[in-house]
Amino acid sequence: MAESAASSDVALAGRRALRRYSRHLLIPEVGLAGQERLLASRALVVGAGGLGSPVLQYLAAAGVGRIGIVDDDTVDETNLQRQTIFATADIGRAKVEVAGERVRAINPHVAVDPYRLRFDAGTARELVRAYDVVVDCTDRFATRYLVNDACVLESKPDVFGSIFRFDGQVSVFGWDGGPCYRCLFPTAPLPGTVPTCAEGGVLGVLAGIVGAFAANEAMKVLLGIGSVLSGRLLVVDALGGHVREIAFERDPQCALCGRAPTITGVVPEPDEPEIPAGDDAVAPERLDAMLRTATLLDVREPHERALGVIEGALCIPASQLEARLHELDSAKTYVVACRIGQVSRWAVQRLRDAGFRRVLHLHGGLLAYALTHDDFSFF
Amino acid sequence: MRVLAFARLRELLGGGEVHVAIADGSTVADLVRQLAGHRAEHTAALSASRVARNGRLAGLDEVLGEDDEIALLPPVGGG
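If you read the protein sequences in the order shown, they are chains A and B.
The first sequence begins at 1 in the numbering used here and counts up by one.
The second sequence begins at 1001 in the numbering used here and counts up by one.
Bound conformation, chain B alone (with noise of 0.2 Å):
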């Protein structure tokens, strides 16, 4: 599924846009754990961010689908 990033993700997750392999079934929930990969920074960083799913805020619980499209938002405080 197509992933876009923003802010301090694009660096992190190597791109603002990637595209990721899910599991069928697969949460918004799981989708970030599969991001973070277990890795502090990466993790830090996405559980601080929300998610949307087409362009809409969405909940960890939301099960996903290959043809959504996901945009990870972190907060972005400059000014």
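One chain only, chain A, in its complex shape (with noise of 0.2 Å):
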């Protein structure tokens, strides 16, 4: 009898999941296969904020059985204008918990993983393993580029999406062999260079469209259907109504996914480099006094070299320094120059820990020498 009634509580609960899904059964790219292929696979999202919310209700609604949220913030005011998932009433109560809560409201039938973490280095390996997609919702680049690169040395399709004021950025990375995000900007920009969300604004329901666009590429990914966005970045523009699309390829040059990578495991932040004593930063009006005598070692990744690379230079791209030593001769004297002089802070004591001893950077980088030198020569 138990045995029986059982059963039929199953055929209950398959009877009210038919009904539930029923539109997406309807679609023959999606079907009864297709739907029971969503209850079975799992998704991280990771940020809970304006992308997290739609993606978060889309992959519920849809029945996508196992949904982990990672954040490790709380629900404030200026957050309400564009993270839909969350109510006035939130407010002070930590992101995860309010949105796990929202997840099973919509949808009781789908397991809740939530982690009030920020997502580190530490963590960043173990959680995207237990995952069949990751979507990238943090609003940091140093979280963007770890959630690649643990994605990429796991073998997971990385879902981006991105908003700033009205414009939206979108692709997936690292799915079926195609393209990461460092193939597209190979290092991150350094902080304080790119306005965030929250000194530059963004559009509310720009995180609607972008996040919807990104839910939908997860869903694609899970369903194993359509044309998933790899090697494509669609470049949203709110404010004219268009959306565009930017064909990239895997860059054989990456440092990540290139034919000869350097990183090769989930590194912490680097700390704020340590500004050397005066002596160890050349004026850029002292540059080309110092050249005579001293090498100058471009540390500029290749994509950052528009402004041009000086007669002479060694390049030798930041990524790439570690492996590349050899070609360096600790008996010369370096000038380590990079775009704006705080990564060539750190190439020095790189190079300082590895026994080098006659080695100084260009104060202000390559930028503050071109602006100051009108006749510098580009070639």
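Hints were generated in silico from the structure; no laboratory data involved.
Treat the hints with caution; some may be incorrect.
[To be verified] Among the chain B residues that face chain A by a calculated CB cut under 8 Å, a handful are: (1) F1006; (2) A1029; (3) A1040; (4) R1050; (5) R1056; (6) A1071; (7) P1075.
All C-beta atoms in this analysis are idealised placements derived from N, C-alpha and C, irrespective of residue type, glycine included.
The task is to assemble the complex, starting from two chains supplied on their own in separate frames and drawing on the hints.
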């Protein structure tokens, strides 16, 4: 009897589920097999904010069987203009707790894993490993690179969405041999050089548009249908009402997924580079004189070299420095230069740690040099 | 040529779409330097961005044509 009651419960639950997902079942590309696939799949949403709100709501409604939510923050009044998963009464509560409640309220069949923590190098790979797809809804570049790196290293697709004012970007990285975020933007912009939404603002509805695009990509990846946005960057212009597409390829020089990767594990964010004593910094107006005896070591990444390259410079991107130390001669004097004079400080420290004694860095980077030298000879 | 600017570069370049006259044989890097015009903030923002030419990510040494459409793509990190 008990067995029969149990099986009729299952049948009843099955019929209710069929009713809940009936509009999916009617689509040939989804159907019963696709819905079962969704119910058995696991998605990790990193960041429960503007993008996380629509992503969590649509993945929950669609019946993605297990949803992990990572966020260490609490709901703030300034979130409510775009983070539609939260209500006014939620101010001050942990985001993962509220988002988890909301997901369960939308669809009680979904299992929720709330992680009230910052997605960092210590947890990244373990978290990513437990899911089939990761949706990057974070708001910090450092975390975005960490999500990308962990996904590539664990062979998991990284659905990327990002927003600023009226502009959004969407892509899927590390999917089916496709490029990663570092193939597009090899290194994170330095802190303070790209304004955040907190500094520059963001149109609330843009989070909905870009988040819905990201949720759509996650669905396609999980279902194995359609044309996934791999090797394509969707550029959303909410002000002009345009969505453009930029094609890009896997970069053979990529430090993470290229031919000779130098990033082989997730690393903690570097601390703010130490500012060396004044004597270690070369003022831009002194560089020409210095280079009569010293060698310029240009550590900019290839995509940063729009300013041009100074003749005679040795170019080793910072991302390859560790692997290419053997190309340097510890008896020589080097002036290390980057774009704006921050990465070079880090590089000087690395070189000192490796036993190089005669290393200086160009204050303000090649940007400062170019701005003070109208005759800067580009070639 | 038609140059589309997004995110941070919209305000720096004075709009989402600007028309720029380039010298014959100009490369992507030449265009970036021309747009930066020795202004620190512009140069910093442009050198952190990628350039797409006719819907495809372009290398800095690609030679441009007057009919090309350029998109300047700064990294966007908000969420």
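Which of the listed hints are broken here?
-> none
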